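Undergrad: Two independent chains are provided; combine them into the complex using the hints.
Top to bottom, those sequences are chains A and B. Taking the working numbering as reference, the numbering of the first sequence is continuous, increasing by one, and the terminal residue is 335. Taking the working numbering as reference, the numbering of the second sequence is continuous, increasing by one, and the terminal residue is 309.
The set of hints was computed from the structure by calculation and includes no laboratory data. Nothing here was measured: the structure is a model prediction, and the numbers come from that model. Think of the CB as a built atom: it goes at the ideal place given N, C-alpha and C, for glycine as much as any other residue. Treat the hints with caution; some may be incorrect.
[Stated by the list, open to error] Covered stretches of chain A (in silico footprint by chain B; criterion: 3 or more residues with CB under 8 Å from a CB of chain B, positions within the stretch not fixed): (1) 59-71; (2) 83-97; (3) 102-115; (4) 119-130.
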Amino acid sequence: MTTHKAPLLEIDALTIDVMTAHGPRRAVDGVSLVLHGGDTLGIVGESGSGKSLTLRAIMGLLPKGVIQTSGRIVLRGVDVATMTRRQRRAVCGKDIAMVFQDPMSSLNPVMRVGPQIVDGLTARRHLSYRDRRTRAIELMSRMGIPDPDRRFHAFPHQLSGGIRQRVMIASAMACEAALMLCDEPTTALDVTIQDQILRLLAELCEQSGTSLLYVTHDLAVASQVCASINVMYGGQLMESGPVADVFRSPLHPYTLGLLGAMPRVEHGKRRLVPIGGAAPALGELPAGCPFAPRCILAEEACERGRIDWRDMTDGRGVRCVRPLTDAIAPVEDQR
Amino acid sequence: MVRYIGRRLIALLPILFGITLVVFMLVHITPGDPARTYLGIHATDESLKALRHAWGLDQPIPLQYLIYLSGLVRGDLGQSLYYGTSVRSLIAGSLVPTLFLLLLSSLLAAFVSVILALIAATKPETLVDHTIRAIPTVGLAMPTFWVGTILILIFGVHFGILPVGGYGTDIKSHLESLILPSVAIAVAIVPVLVRSLRAALLEALNMDYVAFARAKGLRPSSVLIRYALRNASIPAVNILGVTIGFLVGQTLVIENVFALPGLGRLMIQAIFKRDFPVVQGIALVFAILTMIVFLLTDVACDLLDTRAA
Ligand SMILES: Nc1ncnc2c1ncn2[C@@H]1O[C@H](COP(=O)(O)OP(=O)(O)O)[C@@H](O)[C@H]1O
Ligand SMILES: [Mg+2]
Numbered sequence: 001m002t003t004h005k006a007p008l009l010e011i012d013a014l015t016i017d018v019m020t021a022h023g024p025r026r027a028v029d030g031v032s033l034v035l036h037g038g039d040t041l042g043i044v045g046e047s048g049s050g051k052s053l054t055l056r057a058i059m060g061l062l063p064k065g066v067i068q069t070s071g072r073i074v075l076r077g078v079d080v081a082t083m084t085r086r087q088r089r090a091v092c093g094k095d096i097a098m099v100f101q102d103p104m105s106s107l108n109p110v111m112r113v114g115p116q117i118v119d120g121l122t123a124r125r126h127l128s129y130r131d132r133r134t135r136a137i138e139l140m141s142r143m144g145i146p147d148p149d150r151r152f153h154a155f156p157h158q159l160s161g162g163i164r165q166r167v168m169i170a171s172a173m174a175c176e177a178a179l180m181l182c183d184e185p186t187t188a189l190d191v192t193i194q195d196q197i198l199r200l201l202a203e204l205c206e207q208s209g210t211s212l213l214y215v216t217h218d219l220a221v222a223s224q225v226c227a228s229i230n231v232m233y234g235g236q237l238m239e240s241g242p243v244a245d246v247f248r249s250p251l252h253p254y255t256l257g258l259l260g261a262m263p264r265v266e267h268g269k270r271r272l273v274p275i276g277g278a279a280p281a282l283g284e285l286p287a288g289c290p291f292a293p294r295c296i297l298a299e300e301a302c303e304r305g306r307i308d309w310r311d312m313t314d315g316r317g318v319r320c321v322r323p324l325t326d327a328i329a330p331v332e333d334q335r
Numbered sequence: 001m002v003r004y005i006g007r008r009l010i011a012l013l014p015i016l017f018g019i020t021l022v023v024f025m026l027v028h029i030t031p032g033d034p035a036r037t038y039l040g041i042h043a044t045d046e047s048l049k050a051l052r053h054a055w056g057l058d059q060p061i062p063l064q065y066l067i068y069l070s071g072l073v074r075g076d077l078g079q080s081l082y083y084g085t086s087v088r089s090l091i092a093g094s095l096v097p098t099l100f101l102l103l104l105s106s107l108l109a110a111f112v113s114v115i116l117a118l119i120a121a122t123k124p125e126t127l128v129d130h131t132i133r134a135i136p137t138v139g140l141a142m143p144t145f146w147v148g149t150i151l152i153l154i155f156g157v158h159f160g161i162l163p164v165g166g167y168g169t170d171i172k173s174h175l176e177s178l179i180l181p182s183v184a185i186a187v188a189i190v191p192v193l194v195r196s197l198r199a200a201l202l203e204a205l206n207m208d209y210v211a212f213a214r215a216k217g218l219r220p221s222s223v224l225i226r227y228a229l230r231n232a233s234i235p236a237v238n239i240l241g242v243t244i245g246f247l248v249g250q251t252l253v254i255e256n257v258f259a260l261p262g263l264g265r266l267m268i269q270a271i272f273k274r275d276f277p278v279v280q281g282i283a284l285v286f287a288i289l290t291m292i293v294f295l296l297t298d299v300a301c302d303l304l305d306t307r308a309a
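Bound conformation, chain B alone (with noise of 0.2 Å):
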């Protein structure tokens, strides 16, 4: 298994570098200029002039894609341009809050749909079964933003009890500040979730192994986790898994909606300002991040399905 995941990681490498490819051609391909921004409009042809020297602007394309290769390799990500501190130590600091939103929002949304699809599939094609299925298919039909936007005034201003955003300065607060942006997420992704549990539940029941676990007598909550979910969690899996790396993108929209200090919200940020050593920055992570989510799922997998490994 370990040498596995190492063949995995070292396969990663060329997609790596495909990437930086991929993200340095876009920043420098979108329209712009990042001294301009910098300087404002009423700076002169010459301090513009200078400052394009100084961040290596003036270097013909390739020669800047080299010079940003060999400082990745030693682990440089540049200087930020608008903060003037390392892309490094501003990435580090926007890290934890991401992770903890995509580790809170991915657990909730599994948690909710395995329960949901358990209740759909012990009772399929009833009014139970078909509301589990209808009522999430609305919120794939809703914006995350938009539901965002209405948890906020329903928990954050109408009741008062959450926090509208920020993300706090103690645990406590930390996770308070993010149960709302974690439920704008499930809700997202709990439909698809459900409908695939259900689908891979209600198959699991109806093979040979579930009946043989029935005619041992086994208690019917028994055959349905230990026999039937756990086998149709494979395929569930393989979907959170997708999904999640299709969050990474939306803490994009969720951390500015809800104020949250993470590697989204200083995207954007980045990008308003023409900040583009950030922007390359937090998109490799974002690259990063969605290939170890992809990989773990796989391992995931391979750990739940024995006859892979």
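Just chain A, with the same shape it has in the complex (with noise of 0.2 Å):
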């Protein structure tokens, strides 16, 4: 990776607060990561962790009464903050498009999914109609929709999860955005749908040359598509690296946790065991480590306050008072 060209996309301490009741609760808490051209780069927590909220500051659509507090979001070297409005709605959709996670409720249900897949494009630049529907159906076919001729006229109601979710990725790279954000794309669909989604985006990225923001809940998933990961809980990232290297030696207990958590784990190495517990709920976290009240192995410095990010060697990083393993010395001690 050139790492002189300005990174696709940066984001710096990213905090967002939502607004409830009882006041502004912290959702987001100070998530950093940098995602060059070509990347594939997973984000992985449980659900409430915050993921999907990150993504949607990063496009400019956090919801009414979620607001980011601070952080900054680069795009190639551009502050969107800096960004007007019409600067910031051209970046959607042609820089950065997104993928949401339920394909049943993300499609407009009175709109045929044809002129759908192409709206992003025809917003840009005037096509006729032959034109909008010769792209739209060159897109279905290339996402592995069968009969796109006759799909092109349908409604998405008439469409079953796996070709919606098709649809939706079909409209994600109409016009081939360099990056592509995706929200669980596949949680909502069953196991063998789920496959042959994750292998054509992983595909279609590799094709073209994509980059990938990939959220999902579930490792495994992320090892799918990703080359490298962030482990996300209670709004903070808890550790970052290489999918092999987070995999076969992870850093942080919740890290192990979530490995332990998963259904299909190789046998014979640790005896792992499922996180004990429930994740917080919005403003309960704790003032130290997020994790601490389930962590096997929390001591008092955990709940002190804090915890700081430390970057380990082979590019890899952890918030952790005591890193699961010694091997891997940190960069730089900070305490």
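TA: In structure tokens:
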């Protein structure tokens, strides 16, 4: 990866608050990540850890009552805070595309899917109906949608969940964006369809060199499409690094727990235990490490205050008082 | 779709039958003697009796109803007691202004409501939004006849730019005469429509498909209209339908305020003259009109909501 050029996407200490009846509650807490052209990056974490809000913040699509309180989002070296709304909109869909979690609710129910696939394109330049149709059908067949000529005229409710998700990916790909944000695009689908979609995504990204920021609660899924992953918990990044390394030797007890909670683990290694307890609710985060209350290795230092991020060797990093391995030394001990 | 409409029309027949019964009963329960009204207070008992006999009013009520029904089946609504012509031709002569008024006022109300709701929904909970929601509510609190009178005073009498009443003789004067009555009616229904449409728009704007449309970088106007409005219009069209149903009754008042020669005005005159065949006929037409509006509403909603088809 070239590090001289400005990265495609840089998130720096992103903090997002949700306004509740009891005042603001932190949902995303100091998330930073860097993504270069061609990267495939995963964000993994339990539901409620702030993954979707992070993606929506990148698109400038935070829901009502949810605000970004600090941090920077930089696209190709340009801070989005300095962009006008028009410029920001020009970026959406063209430079960055997003695929949403639920293919049932993310397509306009009263509009045929063909026009929905290409309307991001037609918003930018004028296309005749014939061109739009050709382009939509081309995208649909590339997405492996059978019988695209007929499906062009279908309404979303006439299609299965898997086809709808392909339609959504097709419309996200319509403008050939350099970066695709995926918010658990396969969670609502059954396992075989999920597998097909994942293969398709990986293949498309490889062919066109599209970068991927892939959000999921499922480590196995992330490992299938991503080269490196970020583990998120309680709004904070807990660990990041290349997929294989994180799998082989997780640094954070939470990652270890996630691996243990995975359905299939290579046996004979460690005896892995599922994480006890439940993820903290919004606003019930402890002062120290958010995972401390559920961590079997927690000690006093974990609860004292905010835990600092530590960069480790091999492009890894962790936010833990006592990372799980001593084999990997911290790049610089910050304490 | 055609078969669906056909089925709906057939389903209307029993309702229609019920309506004829109710209308007939109402007219015959109402006190007042048509013969006495026609002949005046000095008429002799003999002449009254003869007239009642001629009109079939001396028959038992159930028999009168059967006679009325058998006429209906042949498309005969009876003879007007007062005008002496057939009720059908009287209604035919007054139907057009009423239909025109209904059409114009609902188009006007729908247009104004869509514009106001779009503005309110793009700036929710702002001063603009509150104003848009508050001002039409004032309209809701004012009776239609009063609004009509005020409009006549302002635009007809004071400025003299629009006719104070009547219907004119050509298309241009028809339209001019219908402006104020349509505004008066719109004032009554815009508040209801704006509120429901605004609520539906805000709901639609919160949906995932709107977020996805924005993520594609679509212009706010096209997100608003092609995504939010199309979905929001389904509940709003339903409400518009109910309101137009209610409007059919409002024409009674407004046509009299503006002296429009429509069904409503004919109906009021017929009531005063105890011209019961005309009253029956118009009530039936109003009922049919209302049912047609409801049917059209359902068809429109099905066309808008592709999932229901
Ligand atoms: N529109 C919203 N209004 C209020 N709270 C929200 C909203 N969206 C998300 N949240 C809260 O923010 C937290 C993070 O949400 P999210 O980013 O959706 O988590 P994830 O995608 O990781 O499951 C959750 O506790 C969720 O309840
Ligand atoms: Mg989510």
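Undergrad: Between the stretch 59-71 of chain A and chain B, see if three or more residues pass the 8 Å beta-carbon test, and mark the coverage as holds or violated.
TA: holds (count 4)
Undergrad: Is the coverage entry for the stretch 119-130 of chain A by chain B consistent with the three-residue Cβ rule at 8 Å?
TA: holds (count 4)
Undergrad: With a C-beta cutoff of 8 Å, work out whether three or more residues of the stretch 83-97 of chain A approach chain B closely enough for the coverage to hold.
TA: holds (count 7)
Undergrad: Are three or more residues of the stretch 102-115 of chain A within 8 Å, CB to CB, of chain B?
TA: Check passed, 8 qualifying residues.
Violated hints for the displayed structure: none, as all numbered hints are satisfied.
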